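Visitor: Okay, here's what each chain looks like letter by letter:
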Amino acid sequence: MATLDPSDLQAVWLTLKLASVTTLLLLLIATPMAWWLAHSRRWYKGLVSAVVALPLVLPPTVLGFYLLLMMGPQGAVGELTRALNLGTLPFTFAGLVVGSVLFSLPFAVQPIQNAFESIGQRPLEVAATLRASAWDRFVSVALPLARPGFLTAIILAFAHTVGEFGVVLMLGGNIDGETRVLSVAIYSHVEAMEYGPAHLLAGGMVLFSFVVLLGLYLAGGKSWRVTR
Amino acid sequence: MNISALRGRVAAVVMSFGLMSAPACAGEVRAAVAANFTEPMARIVELFQKESGHTVKVSLGSTGKFYSQIANGAPFDVLVAADEKTPQRLEAEGLAVDGSRFVYAMGKLALWSAQPGLVDAKGAVLGKGAYNKLAIGDPKLVPYGMAAKEAMEKMSVWSAVRGKLVTGENITQTFQFAATGNADLAFVALSQITKDGKATEGSSWIVPAHLYNPIRQSAVQLSAAKDKAATQAFLAFLKGGKAVAIIRSFGYELP
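Each protein sequence line maps, in turn, to chains Z and W. Going by this note's numbering, the first sequence opens with residue 1, and the numbers climb by one from there. Going by this note's numbering, the second sequence opens with residue 1001, and the numbers climb by one from there.
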C-alpha cells in the first residue's frame, strides 16, 4: 500500500489554501468588473471583455511564461515589487496567487456578469422609485438576484485553481510548502515513476472534486428555486 | 471549368504532393531527446538529414518523463537519455533492443549566473549566501539535478542552500529560471552555457568531476522502432566522428 509523505499532505493543504485565497480575491475583483461590464455602454467595453476572456483561450504556459518574465527582476512588475521592498514574486505563494487570479478571472467575471445582465434594469428602477440609494439597490436587489451567478463563479474559480498546472509549473519552482501544489506533486510522482502516491493523490483529487461539485450543484439547485 | 481541366488540376496537386515527399528509400526516426542535449542534437540532426536523406523528429523533455511515456507505448524509435540507468531499465524490461545501448556523451555540471562576476572560480558563492535563489533540476527526475545535489553534499553546503532552492522539472526550465534572472544561480549542463567551445555571458564555474557521479548519457534503440534501418543509421551517426566533434564543441566529454 502506497503512503503519502508529509510533503504530499503539505501539497494538499497548499492547494486548498491557494484555491480559497484565489476565490476570495476573485470575488472582490470580479464583482465590480462584472457590474461595470453588465451596465457600461462605453466603446472600450469590448476591449475590456476581450482582455478578461484572454486566459480562456491562451495556453497556461503562455500566461506562465509572460508572468515569469514580467514578475522577474528585469520585468516591469518585478521592478515595482522590488522598489516596494517586496522582492520578486516568482517562486512564492503570493506569486502563485497573482497567477491564479489572472488565470481564473474569466471564470469568475463571466457568470456574475451574465447574472447581472439577466436581472435587467427593471428591478433596479423599481427600487429607485422606492428611494433606494445606488448602494442599497446593489446590495439589496442586485446581489441577491445574482446569487446563482456568484455560486457558479465560486465553483468555477475554486475548481479551476485546484486544477491549475501550467502556470504553477512555470512560476512555482516546485518548492515544498510554498509552491508545490497538488497538480505539480502528482506530475513529479508520475515522472519519477512513483505510481503509488501518484494514484493516491490523483484518485483523491477526482473524488474530492466530484464531491465538492456535487455538493455545490445540489445546494445551487435549491437556492435557484428560492430566488426564482 | 470542364471535367478534364478539373482532372488536370487534381493530377497536378497529387503530383506536387509526390514531389514534396522525400525519395522512396528515406525513412523517419522519432527520437526522444533529453533536454540538456537540445542544441547539439539540432546540429547533429541537421547534418544527418543532409547526408542520409532520412528525417528525424525530435521530442525534447526529461528522461524520467520519457521513460513513463515509452513504458506506456509512446511511438519513439530511440531514446537519447541524460543518464545510463533509464536505458538500462528499458533494456531489462524488453522495451529497448539488447546491445544497442552506448554512452554518447559524458555530461558536465556547471554553476551559472546570468550576472557577470557573481560565480567565483571555486563555487564559494554557494556557502556565502549572497544570492536570492538557486535553481537545480529536480534530483528525482533530472540527472543533472542529482549531480548538483551530490556536489553540494560533498561541499557540505547542501543544508545551507536548502532554503533557497527552486527546482525545475527538466534542465531547460532550470536554466530558464536563471536566464530570466528569477534565480541568481543555477546548476545547469555545461552544454547549455557553451557555444562553439566558448562560455556564454554571465559567470560560471565548471564543477570538478570528482564531486559528483559521472553523468553517462546513453542512447538506446527502442523495441518499438518502426523504421529499423533509419534508426540504426541514426545511432551509428551519433557514434561517428562528425557527431562526436559537435558533441565536444558543446563542452561534453566522451568516455
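Any given hint could turn out to be false.
[Said to hold, decoys possible] Some, not all, of what chain W presents toward chain Z, calculated at C-beta under 10 Å:
| hint | residue |
| --- | --- |
| 1 | Glu1084 |
| 2 | Gln1176 |
| 3 | Ala1236 |
[Said to hold, decoys possible] Rough simulated footprint, nothing fancy, chain Z against chain W, three-plus residues with beta-carbon under 8 Å:
| hint | region |
| --- | --- |
| 4 | 1026-1035 |
| 5 | 1058-1070 |
| 6 | 1179-1186 |
| 7 | 1196-1210 |
| 8 | 1225-1231 |
[Stated by the list, open to error] Far from chain W by the CB rule (all over 12 Å, computed), these chain Z residues:
| hint | residue |
| --- | --- |
| 9 | Val21 |
| 10 | Ala50 |
| 11 | Val57 |
| 12 | Thr88 |
| 13 | Ile119 |
| 14 | Ala132 |
| 15 | Arg147 |
| 16 | Met170 |
| 17 | Gly173 |
| 18 | Thr179 |
| 19 | Arg180 |
| 20 | Met193 |
| 21 | Gly203 |
| 22 | Leu214 |
| 23 | Leu216 |
Just so you know, these hints were derived from the structure itself, not from any lab. Since the model is a prediction, treat every value here as computed from it, not as a measurement. Every residue gets a Cβ at the ideal spot worked out from N, C-alpha and C, and that includes glycine.
Visitor: With 12 Å as the threshold, tell me whether leucine 214 of chain Z passes as away from chain W on beta-carbon distances.
Guide: Non-interface label on leucine 214 of chain Z holds, nearest chain W Cβ at 31 Å vs cutoff 12 Å.
Visitor: Mind verifying the non-interface call on arginine 147 of chain Z? Its CB should be farther than 12 Å from each CB in chain W.
Guide: Holds: least Cβ distance 41 Å, greater than 12 Å.
Visitor: Would valine 57 of chain Z pass as off the interface with chain W, using Cβ distances and a cut of 12 Å?
Guide: Consistent with the label, valine 57 of chain Z stays out of reach of chain W, its closest Cβ about 24 Å off (over 12 Å).
Visitor: Given a cut of 10 Å on the nearest C-beta pair, is the interface hint for glutamine 1176 of chain W held or broken against chain Z?
Guide: Interface hint status for glutamine 1176 of chain W: holds (8 Å vs cutoff 10 Å).
Visitor: Hey, does glycine 203 of chain Z actually stay past 12 Å from chain W on C-beta?
Guide: holds, 18 Å
Visitor: Report holds or violated for chain Z covering the region 1058-1070 of chain W, Cβ cut-off 8 Å, minimum 3 residues.
Guide: holds (count 5)
Visitor: Per the stated criterion, does the least C-beta distance between threonine 88 of chain Z and chain W lie above 12 Å, as a non-interface residue requires?
Guide: Threonine 88 of chain Z is in fact no farther than 12 Å from some Cβ atom of chain W, at 6 Å.
Visitor: Is the claim that arginine 180 of chain Z lies outside the interface with chain W correct, judged by CB distances over 12 Å?
Guide: violated, 9 Å
Visitor: For the hint on glutamate 1084 of chain W, just tell me whether its beta-carbon gets within less than 10 Å of chain Z.
Guide: Violated, about 16 Å.
Visitor: Could you check if alanine 1236 of chain W really has its C-beta closer than 10 Å to a C-beta on chain Z?
Guide: Not OK, violated: alanine 1236 of chain W not within 10 Å of chain Z, min 30 Å.
Visitor: Is it the case that methionine 170 of chain Z keeps its Cβ farther than 12 Å from each residue Cβ in chain W?
Guide: It is violated; methionine 170 of chain Z is separated from chain W by about 8 Å at its closest Cβ, not greater than 12 Å.
Visitor: Take a quick look at valine 21 of chain Z and tell me if its Cβ sits farther than 12 Å from every Cβ on chain W, holds or violated.
Guide: Per Cβ check, valine 21 of chain Z is outside 12 Å of chain W; nearest 21 Å; holds.
Figure legend: structure checked against the earlier numbered hints; hints not met, in rising order: 1, 3, 4, 7, 8, 12, 16, 17, 18, 19 and 20.
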